[in-house]
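Participant: Residues per chain, in single letters:
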Amino acid sequence: MERMSSLDALNPPALPSDDFTTTFETARLLGMSVRAVQQMVDRGDLEAWKTPGGHRRIVRASVDRWRNSRGAGPAAPLSATVSADDAAALHHADRAPHAQRVLLIDDSIHFQKLVSLLMRQRFPDAELHVADDGISGLALYGRLQPQVLIVDILLPGIDGATLITSLRSHPQFARSHLVVVTSLDAAQRAPYAFALEQVPVIHKPDLVTELPRQLTPWLLPESAATDGR
Amino acid sequence: MTLSPRRDREAAELLADPATVIAQRFGGDAALYDAFAAACAEQFVHDLAAGQAACEAGDLPELTRLAHNLKSALTMLGHESVGVLAGRVEAQAGAGQTPAAFESWRALAAVLQRLKPGIAAP
Chain X
1 MERMSSLDAL NPPALPSDDF TTTFETARLL GMSVRAVQQM VDRGDLEAWK TPGGHRRIVR
61 ASVDRWRNSR GAGPAAPLSA TVSADDAAAL HHADRAPHAQ RVLLIDDSIH FQKLVSLLMR
121 QRFPDAELHV ADDGISGLAL YGRLQPQVLI VDILLPGIDG ATLITSLRSH PQFARSHLVV
181 VTSLDAAQRA PYAFALEQVP VIHKPDLVTE LPRQLTPWLL PESAATDGR
Chain Z
1 MTLSPRRDRE AAELLADPAT VIAQRFGGDA ALYDAFAAAC AEQFVHDLAA GQAACEAGDL
61 PELTRLAHNL KSALTMLGHE SVGVLAGRVE AQAGAGQTPA AFESWRALAA VLQRLKPGIA
121 AP
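For the protein sequence lines, the chains are X and Z, in the order given. Numbering follows this note's numbering, in which position 206 of the first sequence is assigned residue number 206; successive positions increment by one, without gaps. Numbering follows this note's numbering, in which position 105 of the second sequence is assigned residue number 105; successive positions increment by one, without gaps.
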C-alpha cells in the first residue's frame, strides 16, 4: 500500500468502509474538482491511502475536520446509488449562483483591502468574500457559488491558473464571471496562458479603473449600469 | 490632489509623484488612495514581522511571496524605487540566494520602517 499522507498509524481494513470516501465523493462534499482533492491528498491536507488498484481512499473524519476548520458543517454521506453525473446535476440544480456575491482569491492583504474599499464604494450591495490561497478559494467557491470570481495568478498552494482549470470542471462555473488580477506583466503571464484564454486579465496597477468596468455588467442592474452609476 | 502636509518628508521623497499616481492609478480618487495607503501602512507592520520571521526560519518561499506582494503594493502607491528593492528580494529569494536575499530584506525593512509613518498619515 502506497502511503500518501501523514496517516502513519492507520490500518485501513480495521475501519469500516463508511469511514472512507472516494476522491469523487470528497470533491462533491467540498465543492471542489477531483484534481484539487488529489492535490490536497498529495500535500497531506487530507488523510488517505491507496487501494491495490491505485484508487485513493480518503478518511471521512479528515474531510470533516478540514470542512470544520473552514466553518462548514460535517460532510453528509453520499448515496451509493447516485452516479457521478447525477451528483453533478443535483449539485448544479441545488445551488444557483448568488446574484450579488463576489469571491476574491488573493493572498495579498494589501490588494484584499483595496478591492474591499473599491467594492464598498462602487458596489455597496455586493457581498465580498475573500480567500487567501487557492485551496481555500476552491472550497469557498463550492460553498458560495459567487456571481463573480476574482483570482490572482500567483497564490500559495495552487496557482490561479491551475485553480481556474480545476473550476472549469464544475458545471456551475459556467454561470460565474471570472476576472484575473495580477501584477505579472504580459511576458510573465505566458506560462499561465493555457488558463487565461478568453478571460479578462487586469494588471494590478490598473485595478481601480478596470475592475469596476469589468464588474458593472454583473453586479448592477442594467438600468443602473446604463445610468452611469 | 496633493499629499497631506503631515506626510513624512522622507516618504514624500521616495514617492514619485502622488498627483500622477492618483490620477493614473486611482482614477483621480484621492480619498481612495489615502484609504489604501493607510491600510498598507497598517499591513506593513505585519509584513515586517513576517519577513523577519521568514529570515530567521530560512523560509525563502515565504520571503519570496511576501516580497512579491510588497512590490505590488509599493508600486501601486507610487513608491516605485522601494518596489524595485522588494523585487530584488523576491528575485534573490526565489533563486535561493539566501545571504543576498536576507541582506536585501534588511535594506527593504529599513526603508519600510522609515516610509510607514509617512504613508499612514491621512
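Any given hint could turn out to be false.
To be verified - 20 angstroms max Cα-Cα, derived SDA-like pairs, lysine to any residue:
| # | chain 1 | residue 1 | chain 2 | residue 2 |
| --- | --- | --- | --- | --- |
| 1 | X | K113 | Z | D29 |
| 2 | X | K113 | Z | G58 |
| 3 | X | K113 | Z | L48 |
| 4 | Z | K116 | X | Q112 |
| 5 | X | K113 | X | A187 |
| 6 | X | K113 | X | H129 |
| 7 | X | K113 | Z | A91 |
| 8 | X | K113 | Z | A31 |
| 9 | X | K113 | Z | L60 |
| 10 | X | K113 | Z | A57 |
| 11 | Z | K116 | X | I109 |
| 12 | X | K113 | Z | D34 |
| 13 | X | K113 | Z | E56 |
| 14 | X | K113 | Z | V45 |
| 15 | X | K113 | X | V130 |
| 16 | X | K113 | Z | G28 |
| 17 | X | K113 | Z | T98 |
| 18 | X | K113 | Z | F102 |
| 19 | X | K113 | Z | A39 |
| 20 | X | K113 | Z | D59 |
| 21 | X | K113 | Z | E103 |
| 22 | X | K113 | X | H203 |
| 23 | Z | K116 | Z | G27 |
| 24 | Z | K116 | Z | P61 |
| 25 | X | K113 | X | L154 |
| 26 | X | K113 | Z | G96 |
| 27 | X | K113 | Z | A50 |
What the hints assert, rightly or not - Chain Z residues, not near chain X, derived (Cβ > 12 angstroms throughout):
| # | residue |
| --- | --- |
| 28 | I22 |
| 29 | R25 |
| 30 | G28 |
| 31 | Y33 |
| 32 | D47 |
| 33 | P61 |
| 34 | A73 |
| 35 | A110 |
Hints are computed from structural coordinates only; laboratory data are not their basis. Positions of the beta carbon are idealized from the N, C-alpha and C atoms, including for glycine.
Participant: If a hint holds in the structure, say so; if it doesn't, say that too.
Facilitator: A quick look at each hint next to the structure:
1. X:K113 x Z:D29: holds, 16 angstroms
2. X:K113 x Z:G58: violated, 28 angstroms
3. X:K113 x Z:L48: Roughly 18 angstroms separates the two Cα atoms, so the pair holds.
4. Z:K116 x X:Q112: holds, 19 angstroms
5. X:K113 x X:A187: With Cα atoms ~27 angstroms apart, X:K113 and X:A187 exceed 20 angstroms; violated.
6. X:K113 x X:H129: Given that 20 angstroms is the threshold and the Cα spacing comes to 12 angstroms, the pair holds.
7. X:K113 x Z:A91: violated, 25 angstroms
8. X:K113 x Z:A31: holds, 14 angstroms
9. X:K113 x Z:L60: violated, 25 angstroms
10. X:K113 x Z:A57: violated, 28 angstroms
11. Z:K116 x X:I109: Holds, because 16 angstroms separates the two Cα atoms, which is no more than 20 angstroms.
12. X:K113 x Z:D34: holds, 12 angstroms
13. X:K113 x Z:E56: violated, 28 angstroms
14. X:K113 x Z:V45: Measuring from Cα to Cα gives roughly 15 angstroms; hence the hint holds.
15. X:K113 x X:V130: holds, 10 angstroms
16. X:K113 x Z:G28: Holds, at about 19 angstroms.
17. X:K113 x Z:T98: violated, 31 angstroms
18. X:K113 x Z:F102: Judged against 20 angstroms, a Cα distance of about 28 angstroms means the pair is violated.
19. X:K113 x Z:A39: holds, 7 angstroms
20. X:K113 x Z:D59: Since the Cα atoms of X:K113 and Z:D59 sit roughly 26 angstroms apart, the hinted pair is violated (cutoff 20 angstroms).
21. X:K113 x Z:E103: violated, 29 angstroms
22. X:K113 x X:H203: Between X:K113 and X:H203 the Cα gap is close to 17 angstroms, so the pair holds against 20 angstroms.
23. Z:K116 x Z:G27: Given pair Z:K116, Z:G27 is violated - Cα atoms ~24 angstroms apart, limit 20 angstroms.
24. Z:K116 x Z:P61: violated, 25 angstroms
25. X:K113 x X:L154: Given that 20 angstroms is the threshold and the Cα spacing comes to 17 angstroms, the pair holds.
26. X:K113 x Z:G96: Answer violated: X:K113 to Z:G96 is near 30 angstroms, above 20 angstroms.
27. X:K113 x Z:A50: holds, 18 angstroms
28. I22: It is violated; Z:I22 is separated from chain X by about 10 angstroms at its closest Cβ, not greater than 12 angstroms.
29. R25: violated, 6 angstroms
30. G28: violated, 10 angstroms
31. Y33: Contrary to the label, Z:Y33 does not stay out of reach of chain X, its closest Cβ about 9 angstroms off (not over 12 angstroms).
32. D47: violated, 8 angstroms
33. P61: violated, 8 angstroms
34. A73: Incorrect as stated: the minimum Cβ-Cβ distance to chain X is 4 angstroms, not above 12 angstroms.
35. A110: holds, 20 angstroms
The structure is inconsistent with the numbered hints 2, 5, 7, 9, 10, 13, 17, 18, 20, 21, 23, 24, 26, 28, 29, 30, 31, 32, 33, 34, although it conforms to all the rest.
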